[in-house]
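Undergrad: Sequence:
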Amino acid sequence: MYEKCKTYLETLKSKVTMQRIIVGAICLCIIYLICSLASGYLTARANYQRAIERLEQTQRALDDSRRLNRELNKIIGTSEQLNHDAGERINRIEGYQQRENASLNRIEDNQRETGARISESLEQNNRAREELKSSLELIRRIEERNQEQ
13 MYEKCKTYLE TLKSKVTMQR IIVGAICLCI IYLICSLASG YLTARANYQR AIERLEQTQR
73 ALDDSRRLNR ELNKIIGTSE QLNHDAGERI NRIEGYQQRE NASLNRIEDN QRETGARISE
133 SLEQNNRARE ELKSSLELIR RIEERNQEQ
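Using my numbering, the first residue of the sequence shown is number 13, and each one after it goes up by one.
You may find that some hints are simply not true.
Claimed, not checked - Here are the computed distance ranges between Cβ atoms for each label pair:
1) Gln-61 to Ile-102: 57 to 65 Å
2) Ala-50 to Leu-84: 47 to 55 Å
3) Ile-102 to Ile-64: 52 to 60 Å
Please keep in mind that the hints were generated in silico from the structure rather than gathered at the bench. Even glycine gets a Cβ: it sits at the ideal position worked out from N, Cα and C.
Construct the complete structure from the given sequences, taking the supplied hints into account.
TA: Below you can see the structure in the form of C-alpha cells.
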C-alpha cells in the first residue's frame, strides 16, 4: 500500500506542472472574481430593492401629505369663511348695540326732559296753589269786610 501511495504521489507530481499550477491559480482567481461580482451584484440588488421600497414608502407618504394638505386647505377655507361670517355678525351686533345705545340715550334725554317738564309743572302748580291760597285769603278778607260793613 505504501508503494501504491508513493506511486500515486509521483504520478501526481509528474502531472502537476508549472503550467497547470498557473492555470489552476488563474482559474481560482477567476472563480473568486466571479463570486465577488455575484456577491456585489446581489448586494447591489438588495440595496436597489431597499431603495425602491423606501422610494415607494416616500411616495405613499408624499401622497398622504398632499391629501392632508388638500384637506387642510379646505378646512382653512371653511375657517376663513366662518371667521368672515362671524366678523359680519359681530359688526351687525355692534351696529345693533350702537342703535340701542342711541335709543337709550334718546330715552334718557326724553326722561330728563319729561322730568324737567314735570318739575316745571309742579313748580307752576305750587305757584298756582299759592296764588289760589292768596286769592282765597283775599276773597275771605273781602267777604269779612263786606260782612262788617
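Undergrad: With reference to the structure, classify each hint as holding or not holding.
TA: Cross-check of the supplied hints:
no.: 1; hint: Gln-61 to Ile-102: 57 to 65 Å; result: 60 Å, holds
no.: 2; hint: Ala-50 to Leu-84: 47 to 55 Å; result: 50 Å, holds
no.: 3; hint: Ile-102 to Ile-64: 52 to 60 Å; result: 55 Å, holds
Violation of the numbered hints given earlier is absent; every hint is satisfied by the structure.
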